[in-house]
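Protein sequence lines, in the order shown, are assigned to chains A and B. If you count the first sequence from 1, position 52 lands on 52 in this note's numbering, and the numbers rise without skipping. If you count the second sequence from 1, position 225 lands on 225 in this note's numbering, and the numbers rise without skipping.
Errors might be hidden in some of the hints.
Said to hold, decoys possible - Examples of chain A residues toward chain B, derived with CB under 7 angstroms:
1. I152
2. I156
3. I296
These aren't lab readings, by the way, just hints derived from the structure by calculation. It should be emphasised that the depicted structure is a prediction, and the values quoted were computed from it without experimental measurement. Beta carbons are placed, not taken as given, at the ideal position from N, Cα and C, and that holds for glycine.
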Amino acid sequence: MEKVQEPSVGLLRRLARPLAGAAVPIFAVLAALLVGAIMLIALDANAIDGYKALFSGAFGGADELADTAIKSMPLLLVGVGICIAFRAGVINIGGEGQIIAGAILSTLVALGLPGLPRIILVPLVLLAGAIGGGIWGAIPGALKAYANVNEILSTIMMNIVAAQFMSFLLQDWLIEEGAIKIQQTERLSENSHLPLLPGGTRLHLGVLIAILVAVLGYVLLFRSALGMRLRSVGHNPHASRYAGMAVKKSIVQALAFSGACAGVAGAVLVFGSESHRLIGEGGAAAFTQNAGFNGIVAALFGGLHPLTTIPASFLFGGLLQGGIDLQREVQVPGALIVALNGLVVIFVVSSLKARGRLGAWADRFVTSGSGPSDVATDAADEARTEVAATSGGDA
Amino acid sequence: MWSDFFTVSVIVATLASAVRFATPFLLAALGETIGQRSGVLNLGVEGVMLLGAFTAYYVRLNPSGWGWAGSLPAAILAAIVVGALMGLVYAWMTLVMHAEQGISGIGVFLFGLGFTDLLFQKQVGVPLPIRGLTPWKIPLLGDIPHIGDIFFNHNPLVYLAYILVPVITIMINRTTFGLNIRAVGETPEAADTLGVSVNRIRLGAILLGNILAALAGAALVMNTNIFQQNLTAGQGFIAVALVYFGAWRPGGVMAGALLFGIVSSTVLQLKTLGIVSGAASALTAMAPALLTIVVLVIVSRRIGQPSALTRPFDRDA
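Extracted from the complex, chain B is given alone in its bound form (with noise of 0.2 angstroms):
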C-alpha cells in the first residue's frame, strides 16, 4: 500500500499538485497580509473565497450565448469584482462603523457560505463540471525532468499567486503606498498627524485583499473544475493562520502556503491510491487544523504583530 506511495512518479505528481493547491491559500493570505499590515483583521477570507469562487464557476457554466461574457478572462474578472464589493462593505463595517474585526468576519463568512450555497441549489442544482484553466508549460523550464513537472507546468493563476510574491514585499517595503500601510498597521495617530488619511490607506488595503480572496476562491475553483457547498472548507480560515506563520511577511507566507500544499496534496493522494479510507479520511482531514495549531505554538513566541492590528481609527478618541 504505502511503497504505492513512494514511486518517482507519484511523489512528483503529489508535489506538483502541492504547488497548485498551495495557491488559493497564497493567494488569500497574500491579501489578508496586506490587510493586517494596515491593522485590518479580516476573519471574512473563508466567505469572500466562496463568493469568488461560485462568481467564476457560474459566470464560466453559462457560456452559451453569453459570447465572451462566459470567457474565462470574464469569470475571473467577475470574481475581482465580487471581491472589490465585498471589500466595500467589509470596509464600511470597520472602518466607518467600527465592528468588532473579530466578529464581523463570522458574518461575513456565514453570508458567503449560505448565500453560495443558495445561489448554487437556487441557479444551477446539479454538479456540473466547467472547462476551467489549463496548464501553460513554460518552455525549456518545463523540459526539465521532475522539476519543470511540478513548477512550470501549472495555470497562469499559479504563476500569478508566486509573481505575486516579490511583487508584495517590494510594494509594502519600498513603495510610498507600503510605507502608509505599514505606518497606520503601526501607529496611526502618528501617521494622521502627517497628513496620512488613515482610513484611505486602510480602505486600499481592504480592496486589495478582498480582491486576492475572491481571486483564491477562483482558482480553487480551477482546480476543482466543480463547486460544491462550502467548497473551502476552512482554507480560507487557514490562510488568515498563514499570515501569522509567515510573521507578516510575504515570503514566510509563500513557505506556510507550500507547507498546507504539501499536506493538501498528500491526504488527496492517500486517499486516491486507497491508503486511507471511509471513516479514516475524516482524520485526515483534520490534519490541516491541527498542524495549524502546531504551527501556531511554534511561530507565536517570535513574533510582533502590526501594534495598530485590530484597532479602528478615531481621531477624536
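Excised from the complex, chain A in its bound form (with noise of 0.2 angstroms):
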C-alpha cells in the first residue's frame, strides 16, 4: 500500500472511475432504448423518427431544456431522498405515496390560508409538503424499527393507501365546486404559485429548490454528525448499535428524511403546474408520473450522491419529457412511455453490478498492477455494497 503517489496518476486515477461508472448506465439505457425500438417496429411504428423527436423534444432548444429541468424536479428531490434512505440502509419504494402525501397537505394549506402573502404562502406550502411526505415515510420508518416490518413491503402498500386516499378526497372533499365530475380541485390562491424564473420559458422556482434540497442532502449526509450516523447504520447496524448509536431512531429519520424530500416534490407538481392544482383525473400515477420510482433508477444512476444525482435526474428526465414526443410522433399511445420507462429500470439496475466491476477494472488498469487499494471509498461502489448489505437485512 503505498501512501505516495505520481499525482497525475492519481487523477487519472480520479477519473477513471467515475467516467466508467457513468459510461456503464449509459449503455443500459441505450440498450433499453433498443429493445423499445424493437418493441415499436413490431408495432409498426418508426423507431428512427420517433427517437429523433425523443431526443429534439427532450433537448433541443431553450424551451425543451427547460421542460426537461421541470420533468426532472420531481426526479431530483425524490433521489435525493432515496440517496439518505439507502445510504442508511434503508428500501424506500413508498416515493409515489410519500409525493401524494406532500401534495395533499400543501394544498390543504392552500386552500385553508389563501390570503396570506406570497412571500410567506409558498415557503409554507413547500413545508407542509415536506411534513406531509415526512410522515408518510416516517410510518414505515417506525414499523420498520418498532415492529420489524419489512419496509419495502409497506411503503409499497402506502402507496396504495395514498393513492385511494387522494381519488377519495378529490371525488369528495376537496372537489371543486359545481364543476363536471371532474377529479380536482378548485385552482389554488394565485399568492401560493411557485414563481417564473426570468427567461421566457416554463422555469419556476421549483428548479432551484430541486437543487437546493439536493445541497441540503448532500450537506445532512457527508457533513453533519446526523448524517455520519445514517450512514454509519446503513453501513453496518450491529457495529453502530455497539458503539451508542440509536438504530432504530436513525431508520425512522431516514424514512422521514427521504420522505420529506418527495413531499416537496408532490408540493412542486402542485403549485409548479401550470394548472396549480391538485388533479386526480387518471388515477393517481398520472399526477405522480411515476417519479416515486424513476427517483429511485435516478438516484441509482447518480451513485446514490445527492449532488450526481442532479446530472442524472436531469438526463432521466429528458428521456420522459422526450418520450411524450416520440409517442406523438410515431401516434401510439401513451402507456409507451410507461413501458419504455419499466425497460430502463430493468436495464439501469442490471448495469449497476457491471459498473463496480468496470469500475475496479479501470482502478487496476490506471494503477497498472497495483491493485485497488483505497478504492472502497469510492461512492458507486459503496452504494452498492450498501444497497446490497440492506436488502438482506431484518425483515
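Make the complex out of the two chains shown on their own, each in a separate frame, by following the hints.
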C-alpha cells in the first residue's frame, strides 16, 4: 500500500472510475431504447423518427431544456430522499405515496390560508409538502424500527393507501364546486404559485428548490453528525448499535427525511404545474408521473450521491420528456412511455454490478497492477455494497 | 341496507366468490414462496400478472380464424409461456447481473403495466368481454347445501390453485429439488460446496414463480372476463406480502389468500348492494393495503425469512 502517488496517476485514477461509472448506465439506457425500438417496429411505428423526436423534444432548444428541467425536478427531489434512505440502509419504494401525501397536505394549506402573502404562503406550502411526505415516510420507518416490518412491502402498501385516499378526497371533500365531475380541486390561490424564473421559459422556482434540496441532502449526509450516524447505521447496524448509536431512531429519521424530500416534490408538482391545482383524474400515477419509482433510478444512476443525482435526474428527465414527443410522433398510446420507463429501470438496475466491476478494472488499468487499495470509498462502489447489505437486512 | 347483506344467500355467494377471488393471490403467492425459499425476492409479480392476464385475454378474444389457438387451454398455455419468458428475464437480471432485487421488480412492474396498457389500447381498444372459464361442479360434493356452492362449484384454475398447496408443500419438503431450493435459500455457499448449482436451482425456482404469477393473471382475467389498464391494482404486491404472512409455507400463504379473498369479495358485495357507493368505494379500496400493513405488523415478530433472501450468489466473492 503506497501512500504517496504520482499526482498525474492520482488524477487519472480519480477520473477513471467516475467515467467508467457514468458509461455503464448510459449503455444500459441505450440497451433499453434498443429493446424499445424493437417494440416500436413490432407496432408498425418508425423507431428512428421516434427517437429523433425524443432527443429533439428533450434537449433540442431552450424551451425543451426548460421542460426537461421541470420534468426532472420531482426525480431529483425523490432521488435525494432515496440517497438518504439507501445510505441509511433502508429501501424506500414509497416515493409515490410520499409525493401524494405532500401534495395533499400542501393543497390543504393553500385551500385553508389562501389570503396569506406570497412570500409567506409559498414557503409554507413547500414546508407542508415536506411534513406530509415526512409523516408518510416516518410511518413505515417506525414500523420497521419498532415492529420489524419489511419496509419494501409497507412502503408499497402506503403507496396504495395514499393513492386511494387522494381519489376519495378529490371525489368528495376537495372536488371543485359546481364543476362537471372531474377529480380535481379548484384553482389554488395565486399567492401559492411558484414564481416563474426570468428568461421566458416555463422554468419556475421549483428547479432552484430541487437543487437546493440536493445540496442540503449532501450536507446532511456527508457534512453533519446526523448524516455520519445514518451512514454508519446503513453500513453496519450491529456495529453501530455497539458503538452506542440509536439505530431504531436512525431508521425512522432516514425514512422521514426521505419522505420529506418526496413530499416537497408533491408540493412542487401542484404549485409549479400550469393548472395550479391537485388533479387526480386518470389515477394517482398520472399525477406523480411515476416519479416515486423513477427517482430511485435517478439516484442509482447518480451513484447514490445527492450532487451527482442532479445531472442523473436531468438526463433521465430528458428521456421521459422526450418520450412524450416520441409517442406523439409515431402515434402510439402514451402507455408506451411507462413501458419504456420500465425497460430503463430493468437495464439500469441490472447494470450496476457491471459498473462496480468496470470501475475496479479501470482502477487496475490506471494504477497498472498495483491493485485497488483505498478505492472502496468510491461512491458507486460503496453504494452498491450498502444496498446489497440493506436488502438482506432483518425483515 | 346492512340487513340486505346478512342473508344466507348473499353470505354464501360472498364466500363462494371469496374462494374464487383468493385464486390469483394464491397462485402468485405460491410462486413467490418458491422463489423466496430459494433466496430470490421478486417484486415484479404485479407486472408478470398483468402480462399473463393480457396474454390470456388477447388469445381468448381472437378465436375466429385462430381455430384451436383461440381456445381456453391455448389462452392459458400462452400465459404460461409469457410467464416463463419473464422468468428468463428476471433470472438474467438477478442471477447473471446481480441486480438489486428490492428495485429490479419495480422495473418489471412498470414494464408490465405500460406494455399491457399499450397493447390493449393499440390491439383491442374497446373493452370487449371474453368467454372465460365456466364452473365445473364437482359431483356429490357440489350438491352439499351451501358448502357445495362455496367450495365445489368453481372453474378449473380455482381447483388447480388449491391442489397446488399440498403439491408445493410436498415438493419443498420431500423432494430433492425442494431440498436444494431450501439449501440455496439458506446457505448457498454450503450448497455450492456440496456440488449443487446455486444459480441453476434458483433459475428453476424463478421460472416456476413467474409461471405461477402469469397463471395468476390468467385466473384473474378469467374471473373478470375483461381486461383493463392496471387490472391487478396491487394484487401482485399483496401476493408478495402474503408470503411473509404465511411464514414462507404454502399452507400459511393459502390462509392469507383466503383472508384477502374474503375482504375483496365483501367489498364488492357491499358495492353491488349499494351499501357503499361513490367516493366511499375509494376508501374501501384501501382496505386490502391497510390490512396488509396490519397483518405484517402482527406476523413480523415471529418469523425468520430465508437467510440468503435477496443475496446474490457469487462464488468468487
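Right, here's what the structure says about each hint:
1. I152: holds, 5 angstroms
2. I156: holds, 5 angstroms
3. I296: Check passed: Cβ of I296(A) comes within 6 angstroms of chain B, closer than 7 angstroms.
The structure meets every hint from the earlier list without exception.
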